[in-house]
Structure formats: structure tokens, C-alpha cells
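Enquirer: Build out the structure end to end from the sequences listed, making use of the hints.
Protein chains: 2
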Amino acid sequence: MSAIRLLILGAVRQHGRAHGYQVRNDLEFWGAHEWSNAKPGSIYHALKQMAKQGLLVAHEVAPSTAGGPPRVEYEINDKGTEEFFTLLREALSSHEQKTDVLSAGIGFIVDLPRDEAVALLKERIAGLEQWRSGVTEYYTPEDGPEQLGHIGEIMNLWVHSADRGAEWTRGLIERIEGGAYTFAGEGEPFVGVLADDDPNPYTTGPHPEDNR
Amino acid sequence: MSAIRLLILGAVRQHGRAHGYQVRNDLEFWGAHEWSNAKPGSIYHALKQMAKQGLLVAHEVAPSTAGGPPRVEYEINDKGTEEFFTLLREALSSHEQKTDVLSAGIGFIVDLPRDEAVALLKERIAGLEQWRSGVTEYYTPEDGPEQLGHIGEIMNLWVHSADRGAEWTRGLIERIEGGAYTFAGEGEPFVGVLADDDPNPYTTGPHPEDNR
DNA sequence: CAGGATCTAGTCAAGTTTGACCAATGACTG
DNA sequence: CAGTCATTGGTCAAACTTGACTAGATCCTG
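If you read the protein sequences in the order shown, they are chains A and B.
Quick note on full-length UniProt numbering: the first sequence kicks off at 1 and runs consecutively.
Quick note on full-length UniProt numbering: the second sequence kicks off at 1 and runs consecutively.
Quick caveat, the hints were computed from the structure, so don't treat them as lab data.
Yeah, the Cβ is synthetic: ideal placement off N, Cα and C, and Gly gets one too.
Treat the hints with care, as some may be off.
What the hints assert, rightly or not - If you want a taste of the chain B side facing chain A, the calculated C-beta under 10 Å gives, among others:
no.: 1; residue: W30
no.: 2; residue: H33
no.: 3; residue: S93
no.: 4; residue: I106
no.: 5; residue: V135
no.: 6; residue: M155
no.: 7; residue: W158
no.: 8; residue: D163
no.: 9; residue: E167
Expert: Below, the structure written as C-alpha cells:
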């Protein structure tokens, strides 16, 4: 699973209908270009692909300013919405995800009911713990850990990452259970996109060095 | 930078000369199929590509067992070796890497002199710290952190990951400075590949559930 | 008000990754 | 000893990603 589809479906969903450049701007607004592979090519490709697969409906739109390139607006439909929630739930609950997927999931976590969000995160922790015990057991040589040499450091790194990931997830659960943020069905949702006619505040701003 | 080239160059380098299937087995032996995208297609593609680019020399080999498919052996040359060390140094020193790249770097860290390994890891920590201060400063809204809503959790996650990554790296540095493992120029190197005629001990063994 | 920079909106070729598939050989099993 | 299954060694199409490029409109600046 890649993060880009979740991000794009989420972006289109918040607008109801959007063209590629709007999606691009939203992702940049969320900082997604720093922690995911959200580049123009990927975004436009994913939009086309998902339209082809019936998750989005493409509308050709007459260029607003005469002479500009032909634009395509994408509208999310029921199938797309369903896919969005499937991806979202998987992003949050599965430990077999890279950080970019989890990040995207966090970005849309408030689109779920609070209870479900917590349940999914707990599932994630359970998965991490199970993976940890499986992996440590399987890769611990019988004749002492030194048989692995420095290769053992790789496993050490992954186990460490899993432990810290679980730790962080527990913290998040606590904050959510403590009442933080506004979830689905709890009133005015958090506004996470730029208004359709806003100028993009992040173009060519002073950036921290780009990282991932 | 993707981990696969580093992994493959490293594998070929330890054999001097190897064909695709041997590389595949080494990577599996190292557990790389669990934490990187080392799948047959990627491996064979990367081998061909690097041969095309002059990092490896391809030798067509008569099938050992008559009738088998034609095999290609790849031999690493000076350019490939240089590339290997370039990638290795970057994998270890740059914080802008996914965990699979770092893992691959750790896997070959003993191919460097001990001093250099430590220096590269320290560079990594410095980068992480600088990134952290840049990012927290840039994404901290003036009107209080609550302006970000749950989106702030994404940054929180990344900062947390960076902190834990630095912590782990410090631990590794300590172990290395404490004399662990055998580095380049320190005598008999750690044997990290399967002997050319060994049976593959990892085919169809009981695996922990596959993860990444 | 000319000229450059930026914004809007997107395309494209080349490279990479995925997952399924293929065929010969050897090993096991009833 | 036929059938099945695993191993060896790899190919391929389709999907995805990357990075560079395009082109008109608009803003800014001297």
C-alpha cells in the first residue's frame, strides 16, 4: 500500500471535487511533500489511474482563464469513498506500513469516529508486539546472539523502531482518549484544506531544508 | 537513493562474481526480503541496469546443468566498487533515508574502517538534530500549537522518529567504539554470504509472518 | 512598461517496483 | 516408478515514481 492514494482520495474528498493542482497544494499544505512521495507526476498519475478504476469521476472543465491548459476535475464517488476508508483503516491498524502511510492515516484520523480510531491504533500496537516476539524468537540463533555479528544490529534497529513506534502510538491513544481533537460526528470538523480560491501560502516560502 | 543497489553491489562484491539467484539468496539470508523491496524482478532489473551503466560486468555463462536457462554472472569492477562505497557512506551518514537504506548500510558497515564508520554515524546524528530544530521551528505556528489540530501529530510522529533514531545511533556508536565487531583492516572479516555451493538454508523454512 | 520571476496546470520519457508467471531439474512419496 | 512438489534461475507486463520540462497568465521591479 502506498500513501499517495490515501492522500489523494482524502484531499479530493474534503473538496468533494478538485483538480490536480488543488490536490497538489493541499498535500503541500499538509507537508506531505516532505514525508511522502507526493510529486506532480505521481499525483496526476494516481488521479488518472483511480478515475480509470472508477474510484473517481473525471470531468473535463473549460479553462477558467481563457487559453490555459485544459483542466480535469475529479469527483469522488461511493466506491472511492469506500476505498478511502479501507485504506485509512489499514494505514492506522497495520504495523506493516512505512511511516509515510501511517502519517497519511494520522492526517485523516479524525474522519473516523473516536472509538474506532482508538480501536485501530490498539490493533496496530498488538500487531507490533506480535511481530516483535516472532522476529526476536526466529532470528535469535541458538548458539548465542554473537553468531549474527554486526548483522544483528539490523534486527536490533527494526526491533527498536517497532518498540518506539508502539510507544508513540500509546501516547497518541492517550491523547485521543483524553478528549483531544474533534472526530467524526462530534461537530464542526477541523478544516484541513485550503479554500478553493485561497492563494497558496506555502509556495516559495522559506523552507527548512527538504527532508524525508 | 534506494536500498537495492547498495544491497546488490554489496552482495556481488562479497562474491567477486555472482549471478542473480545467488544475490537473491544472500539477500534472503540477510533477511532483506523482510525490510526492503528485494524481489526477483527488482534484483534482476537492478543487475541489468548497473551492468548497462558500467558498474558491473556481465558474463554469459553456459548453464552448469545442461538444459537449464542461460545464466548471467556479474562481476564488480572499480567503478562499481567506488559506487558501492559512495552509496554506503551516504546510507550511513545521511538522515534523509528510509530505514531500509540505513539497514543496508548497517549490513555493510564493517566494510569501512572503524573510525570512518563512527564518523559517518556521528554525521547522521548531527543531521538529525539539525533537521529536528529546523522542522520544529518552521512548523510551530505563532498562535499556539493547537492551530495545527491533529495535523500536528504527524510532525510529532516524525520528530519522535528522528529522536529515537538518533538515540539508537548513539547506542550503536558506543558499541562500535567499545570494540564490537570486526571492521575493515582488522583481520578476518565476518562471513556474510552463503558459500557458493551451499544449499539455501532459508527456503521454505518456518517464517515469522512477513512484515516490513 | 520591458523583462524577469512566479503561479497555475500539467505532460512525458526513463527508470523502478510489483506480482504473476515459466521451464528444467532434482527430490520425495505412495 | 508415476506424480507431485520444491529448487534453481529467471522473464514479463503493468503499474508506479522520478525529475525534467512546457506554456500561458500574472505579478513585480527598475
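Enquirer: State for each hint whether it applies.
Expert: Hints and how they fare:
At its closest, the beta carbon of W30 of chain B sits 6 Å from a beta carbon of chain A; the interface hint therefore holds under the 10 Å criterion. The beta carbon of H33 of chain B comes no nearer than 13 Å to any beta carbon in chain A, farther than 10 Å, and the hint placing it at the interface is violated. Because the closest C-beta pair between S93 of chain B and chain A is about 14 Å apart, greater than 10 Å, the hint is violated. Nearest Cβ of chain A to the Cβ of I106 of chain B: about 5 Å, under the 10 Å cut. The hint holds.
Hint status for V135 of chain B: holds, given a least beta-carbon distance of 5 Å to chain A, under 10 Å. With 10 Å as the threshold, the beta carbon of M155 of chain B comes within range of chain A, its nearest partner Cβ sitting at about 7 Å, so the hint holds. The closest approach between the C-beta of W158 of chain B and any C-beta of chain A is roughly 6 Å, which is under the 10 Å cut-off, so the hint is satisfied. Proximity of D163 of chain B to chain A holds as hinted, the smallest CB-CB distance being about 9 Å (cut-off 10 Å).
A least Cβ separation of about 8 Å between E167 of chain B and chain A falls short of the 10 Å threshold, and the interface hint therefore holds.
Checked against the numbered hints given earlier, the structure breaks hints 2, 3 and satisfies all the rest.
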